[in-house]
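J.: Since chain A is already given, all that's left is putting chain B on it; use the hints.
Protein chains: 2
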Amino acid sequence: MASQTLDDLPTPALILDRAILRRNLERMSSRLRGAGVMLRPHVKTAKSLEIGRMAVAGHDGRITVSTLAEARYFAGGGFTDILYAVGVVPSKLAAVGALRRQGVNLRVVTDTLAVARAIDGAARDGDTFSVLIEIDSGAGRAGLPFPELPGLLDIARVLHEAPDVELAGVMTHAGHSYHESTPDGVAAVAEQERRAIVSAADRLRGAGIPCPIVSAGSTPTAVHSRDFTGITEMRPGVYVFNDLDQEFIGACGAGDLALSVLASVIGHYPHRNQLLVDAGALALSKDISAQEFRPQVGYGTIVDAPAKDMAVVACSQEHGFVGADEPIPFGNLPVGARVRILPNHACITAAAYNRYFVVDSDLDGGRSVVDTYDRINGW
Amino acid sequence: MASQTLDDLPTPALILDRAILRRNLERMSSRLRGAGVMLRPHVKTAKSLEIGRMAVAGHDGRITVSTLAEARYFAGGGFTDILYAVGVVPSKLAAVGALRRQGVNLRVVTDTLAVARAIDGAARDGDTFSVLIEIDSGAGRAGLPFPELPGLLDIARVLHEAPDVELAGVMTHAGHSYHESTPDGVAAVAEQERRAIVSAADRLRGAGIPCPIVSAGSTPTAVHSRDFTGITEMRPGVYVFNDLDQEFIGACGAGDLALSVLASVIGHYPHRNQLLVDAGALALSKDISAQEFRPQVGYGTIVDAPAKDMAVVACSQEHGFVGADEPIPFGNLPVGARVRILPNHACITAAAYNRYFVVDSDLDGGRSVVDTYDRINGW
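One line per chain: the protein sequences are A and B, in this order. According to this note's numbering, the first sequence is numbered sequentially starting from 1. According to this note's numbering, the second sequence is numbered sequentially starting from 1.
Simulated from the structure, these hints should not be mistaken for lab results. Glycine included, C-beta positions come from ideal geometry on N, C-alpha and C. Some clues are possibly wrong.
Said to hold, decoys possible - Each pair of labels, with its calculated beta carbon distance range:
no.: 1; chain 1: B; residue 1: 77; chain 2: A; residue 2: 372; range: 21 to 29 angstroms
no.: 2; chain 1: B; residue 1: 77; chain 2: A; residue 2: 102; range: 35 to 43 angstroms
no.: 3; chain 1: B; residue 1: 184; chain 2: A; residue 2: 7; range: 48 to 56 angstroms
no.: 4; chain 1: A; residue 1: 253; chain 2: B; residue 2: 94; range: 36 to 44 angstroms
Unchecked claim - One-sided and incomplete, this derived list gives chain B residues near chain A with beta-carbon spacing under 7 angstroms:
no.: 5; residue: 87
no.: 6; residue: 115
no.: 7; residue: 141
no.: 8; residue: 142
no.: 9; residue: 267
no.: 10; residue: 276
no.: 11; residue: 286
no.: 12; residue: 287
no.: 13; residue: 317
no.: 14; residue: 318
no.: 15; residue: 351
no.: 16; residue: 379
Looking at chain A on its own, in the form it has when it is part of the complex (with noise of 0.2 angstroms):
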């Protein structure tokens, strides 16, 4: 291991620049500190132990999952906080449950009174459950909608009355900050996402019912957000790796994406100005998100390009094909050489990976793989 570099590994391959990562990890966890804010990172984008453990630091340890399986292995790794994000069903309470009953608090969310009761009733048969109620801020995703928030206070009550049942509050997704790409726009989102999430929560308190939880939070409005005022915690993601969709929306700088795919350079045409790697639409994603800031990113965009808006243009399943605003000189990428191919979205990229080569920029400008991280896929 300790003698790999980057030109040893078999390609494609997933590369984790540690050294942008503990920037990036460090800059989130600061900023939240300063405001007063605890950091509940959403690890679906990383889905790696040592990711989450260094994401936490500083923290409490409270951390987001976007499925059972991530669930299951975090709480193997040892974490005892653990907010489940996606509306949860009747068929996956049985799962949740016994989770529960190894010591996990893991916490649910629900924006359906028939869930809500089935919650209850699993209560009854003997299990305990922690649940926010989610609230759409505007995304137009999950969610109760603000301002209108229908049925609100008949879910919240079913579960307030519920033995053995928590009810922690309130949560939401400013999903469609992904779509603005100015600082201002993005700050508009976040405020917006913060009076709905603190409106929730206080219709809920007007009722009588407690809401210790003020759940929100996305990467851009964490990073552009100028008040958390009523804000118990923040769930960015994607703020780990950072990606070129979050560079152009302006949630990072062009310095701060820790995540690339190396690939090998297999032909060359130069009748058509391209040259094919071996990573395609299943080593990158088809994701195009940030296409639409930037059509000429394509699948994703070569770092360290030896011509202009050299990206991967096109992909089949383990082909991408690679253009450029210029002629390529080809004889600077021979077929073999091998390249890193910057994500569009980082989540969807890593995806395809069960595990990280981590190198260090800091140490010997990323060259050596220095160390691995696994990854939980599927379900």
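T.: Leaving out everything else, chain B in the frame of chain A:
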């Protein structure tokens, strides 16, 4: 296992209908047997030993793979004639040589003189190789472009004259058949594919270089080709499952889609005529290929939908947004209900899963899980 049904599985889950799979396999097998062409199925779609064995039944067992991980897995399962159909690079020759020393005829492809020379060098160091030269029959991906075929004889001579290297033949993939949507359109591409690869073989033979294998194929061209003269083997892949993209380009019928994703309804949003399911970007993939012909399919369509054009219209990582072209009867799909979603592109969707839950629509409408097949992912 015997009593497990679609209602018992954790969601999301990958569901394979064995009855449809068997019909798809038999149809392609019969067609190519009837045409006197060998079948070398591309196992990158299913990546499963069980399905690979079913696919080669009645043929000689040759297969195509897209990664070295697949090569190792299928070699471990007893397959001995394997074509690795992504341009090889020098750094992968040691792994190829290692499998060959175990008695597996793992064949590689290249279109690059420098790689041919590296293969020659590795053979002089003690390994043996079998190589096919890749031809671009019009897809504009890998291969020497037809009709020029620049450098074909130079590459061929290096391989032909190298010790312990077999120049096994030529191969091409008419990927552009995926952008045709009529039998005549696909048949025209198939004829272009055939002419290109047969011409390349003839050019080698004209120079006194043997060319035993003349390999072509994609699912659409295998289905719609009207003349296989001169082709020795075809390499269809996605025909084992089919998908919405194959249906829309006319490579299969609507009843031939063997693969689906089982998901749970996790929330109702009647104010925007949407519901959410727990199958999002990872469970379905972000492949939108099928939108080329029917934009309304989004990221996949709902099986037995209770409303017109009901489909996953947007995805975040673990949330699928389901919309329809008329009001959704939400009472028919309560939160917790299960739906099945047909994928746009089966190869990419399946890659998020490490196993198939197998049902059989000829037995009980496909309710019971009759088997599980594993998959090999990664590289």
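J.: Now look at each hint and say whether the structure bears it out.
T.: Hints, one by one, checked against the model:
1. 77(B) - 372(A): 21 to 29 angstroms: holds (27 angstroms)
2. 77(B) - 102(A): 35 to 43 angstroms: holds (37 angstroms)
3. 184(B) - 7(A): 48 to 56 angstroms: At 49 angstroms between Cβs, range holds.
4. 253(A) - 94(B): 36 to 44 angstroms: holds (40 angstroms)
5. 87: holds (4 angstroms)
6. 115: With a closest approach of 6 angstroms, the residue 115(B) hint holds.
7. 141: With a minimum Cβ separation of about 6 angstroms from chain A (threshold 7 angstroms), the hint on residue 141(B) holds.
8. 142: holds (5 angstroms)
9. 267: Holds: closest Cβ of chain A sits about 5 angstroms from residue 267(B), inside 7 angstroms.
10. 276: Residue 276(B) check passes; min Cβ-Cβ to chain A is 6 angstroms, inside 7 angstroms.
11. 286: With a closest approach of 4 angstroms, the residue 286(B) hint holds.
12. 287: Holds. Min distance 5 angstroms.
13. 317: holds (6 angstroms)
14. 318: Holds: closest Cβ of chain A sits about 5 angstroms from residue 318(B), inside 7 angstroms.
15. 351: holds (5 angstroms)
16. 379: Result: holds, 6 angstroms to nearest chain A Cβ.
Hint compliance for this structure: no hint is broken.
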